[in-house]
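Peer 1: Please put together the full structure from these sequences, using the hints given.
Heads up: the protein sequence lines correspond to chains A and B, in order. So the first sequence is numbered by the numbering used here: it starts at 1 and just counts up by one. So the second sequence is numbered by the numbering used here: it starts at 1 and just counts up by one.
Please note that the accuracy of each hint is not assured.
Stated by the list, open to error - Below, computed lysine-lysine pairings styled on DSS-like, alpha-carbon distance capped at 27 angstroms:
| no. | chain 1 | residue 1 | chain 2 | residue 2 |
| --- | --- | --- | --- | --- |
| 1 | B | LYS71 | A | LYS68 |
| 2 | B | LYS86 | A | LYS9 |
| 3 | A | LYS9 | B | LYS49 |
| 4 | A | LYS130 | A | LYS68 |
| 5 | A | LYS9 | A | LYS40 |
| 6 | B | LYS49 | B | LYS71 |
| 7 | A | LYS130 | B | LYS9 |
| 8 | A | LYS40 | B | LYS96 |
| 9 | B | LYS49 | B | LYS86 |
| 10 | A | LYS130 | B | LYS71 |
| 11 | B | LYS96 | B | LYS86 |
| 12 | A | LYS76 | B | LYS9 |
| 13 | A | LYS68 | B | LYS9 |
| 14 | A | LYS9 | B | LYS96 |
| 15 | A | LYS68 | B | LYS49 |
| 16 | B | LYS86 | B | LYS71 |
| 17 | A | LYS40 | B | LYS86 |
| 18 | B | LYS71 | B | LYS96 |
As the list claims (entries may be wrong) - Label-pair distances were calculated between CB atoms; the ranges are:
| no. | chain 1 | residue 1 | chain 2 | residue 2 | range |
| --- | --- | --- | --- | --- | --- |
| 19 | B | ASN47 | A | GLY74 | 22 to 32 angstroms |
| 20 | A | ALA3 | B | GLN17 | 49 to 59 angstroms |
| 21 | A | ASP32 | B | ASN47 | 24 to 34 angstroms |
| 22 | A | ARG108 | B | PHE98 | 53 to 63 angstroms |
| 23 | A | ALA149 | B | LYS9 | 41 to 51 angstroms |
| 24 | A | PRO72 | B | PHE98 | 37 to 47 angstroms |
| 25 | B | PRO88 | A | ALA109 | 54 to 64 angstroms |
| 26 | A | ASP111 | B | TYR41 | 35 to 45 angstroms |
| 27 | B | PHE73 | A | ARG108 | 39 to 49 angstroms |
| 28 | B | TYR41 | A | GLY41 | 37 to 47 angstroms |
| 29 | A | ASP104 | B | GLU10 | 12 to 22 angstroms |
| 30 | A | GLY34 | B | TYR41 | 41 to 51 angstroms |
Think of the hints as simulated: they come from the structure by calculation, not from any bench. Note that the structure is predicted; figures quoted are calculated from it, not measured. Idealized CB from N, CA, C, for every residue including glycine.
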Amino acid sequence: MAAVSSTYKDPSDTFVWWIEGDRLAIATTEGDGGTNETDKGQLKAVSLGSGNTITDGLIISYYAEPDKLVSPDGTKPAIEGTIDIDNVLQPALIDYVKGKALMDAAARAKDPGLAQIKMASAQQCMANYKEAVRRYGMKKNDKVGGTRAIAPVDMR
Amino acid sequence: MAAIEFTAKEIYSRVLQAVPDVSENYVLNLINEALIDMGRYTNQIENAKTDLKHNQLWYALDDDEAITVNKLFRCTILNSDGEYIKIPRLSNGEIKQFYNESNTASNTSWTEV
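Peer 2: Here it is as structure tokens:
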């Protein structure tokens with residue numbers, strides 16, 4: 001397998017992408033694969049010559065799931081690991097964990113009154129979580145803030 | 001690296017105030033459950049790169065890859081000047097030729113950038 005340099009002048013004219021299930025498809029009209037359906041001008045897989053690759057030829061941007069909490073150095077317990085979310089969402093995470101823990105505690109409680117109190121606290125925590133993440137999550141961490149100004153057109 | 005980074009231990013200590021008898025492992029599982037739930041919303045944007053390979057149409061995005069993609073919104077391809085150029089999305093997702101869809105996971109290796 002050989003690494004080759006990109007020869008594409010403007011990939012926006014000749015490449016396309018789409019998603020099918022868990023797969024990303026990259027097709028191009030560049031290059032000739034030697035058949036009617038793979039010659040220049042037809043959408044097909046990238047044609048670079050057998051076994052060739054363009055190193056780091058594709059970059060994607062995506063909405064990601066936070067990384068799983070794991071041991072910070074492989075030896076310490078995972079509980080000492082840092083959490084892969086923005087700091088503004090930490091209170092929401094605490095609310096979620098407290099809410100679920102209180103729900104389980106309510107289910108275990110033998111005293112119905114105590115169970116009811118724990119369940120009410122759990123519902124409050126989950127309501128806080130939903131508001132923080134679902135309604136305001138993006139607004140809180142989009143790093144866009146401050147006053148806006150409109151630059152008027154110079155009429156001279 | 002953020003100036004302040006919370007560890008799971010700090011969250012555990014907060015949870016202990018509300019529910020005193022929970023174990024670390026139980027809280028750890030709840031934190032991971034919360035992270036999966038938070039991943040359903042558009043809170044975190046990341047970029048990843050991979051090699052462009054000859055005659056490979058499909059690039060795997062399964063959850064067992066090095067990256068976890070919830071929604072892809074931009075693809076860029078390296079051009080001859082070393083720049084990454086945004087490419088359009090094919091709306092109907094159909095081309096005439098059939099490409100074998102098996103083994104895409106083992107053929108793709110993503111690295112976060």
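Peer 1: Look at each hint and say if it fits the structure.
Peer 2: Quick rundown of the hints versus the structure:
1. B:LYS71 / A:LYS68: Cα-Cα ~18 angstroms, so holds.
2. B:LYS86 / A:LYS9: 12 angstroms, holds
3. A:LYS9 / B:LYS49: 19 angstroms, holds
4. A:LYS130 / A:LYS68: 21 angstroms, holds
5. A:LYS9 / A:LYS40: 15 angstroms, holds
6. B:LYS49 / B:LYS71: Holds, because 16 angstroms separates the two Cα atoms, which is no more than 27 angstroms.
7. A:LYS130 / B:LYS9: The hint holds at about 23 angstroms.
8. A:LYS40 / B:LYS96: 14 angstroms, holds
9. B:LYS49 / B:LYS86: 13 angstroms, holds
10. A:LYS130 / B:LYS71: 21 angstroms, holds
11. B:LYS96 / B:LYS86: 24 angstroms, holds
12. A:LYS76 / B:LYS9: With a Cα-Cα distance of about 12 angstroms, the restraint between LYS76 (chain A) and LYS9 (chain B) holds, given a limit of 27 angstroms.
13. A:LYS68 / B:LYS9: Holds, at about 15 angstroms.
14. A:LYS9 / B:LYS96: 25 angstroms, holds
15. A:LYS68 / B:LYS49: It holds: about 20 angstroms lies between the C-alpha atoms, which stays within 27 angstroms.
16. B:LYS86 / B:LYS71: OK: LYS86 (chain B) and LYS71 (chain B) at ~16 angstroms, within 27 angstroms.
17. A:LYS40 / B:LYS86: 21 angstroms, holds
18. B:LYS71 / B:LYS96: Cα-Cα ~26 angstroms, so holds.
19. B:ASN47 / A:GLY74: 22 to 32 angstroms: Given about 26 angstroms between the Cβ atoms, the range holds.
20. A:ALA3 / B:GLN17: 49 to 59 angstroms: Holds: the Cβ-Cβ distance is about 55 angstroms, inside 49 to 59 angstroms.
21. A:ASP32 / B:ASN47: 24 to 34 angstroms: 31 angstroms, holds
22. A:ARG108 / B:PHE98: 53 to 63 angstroms: 55 angstroms, holds
23. A:ALA149 / B:LYS9: 41 to 51 angstroms: 44 angstroms, holds
24. A:PRO72 / B:PHE98: 37 to 47 angstroms: Because 46 angstroms falls inside the window, the suggested range holds.
25. B:PRO88 / A:ALA109: 54 to 64 angstroms: 57 angstroms, holds
26. A:ASP111 / B:TYR41: 35 to 45 angstroms: 37 angstroms, holds
27. B:PHE73 / A:ARG108: 39 to 49 angstroms: 43 angstroms, holds
28. B:TYR41 / A:GLY41: 37 to 47 angstroms: 42 angstroms, holds
29. A:ASP104 / B:GLU10: 12 to 22 angstroms: 21 angstroms, holds
30. A:GLY34 / B:TYR41: 41 to 51 angstroms: This hint holds: roughly 47 angstroms between Cβ atoms.
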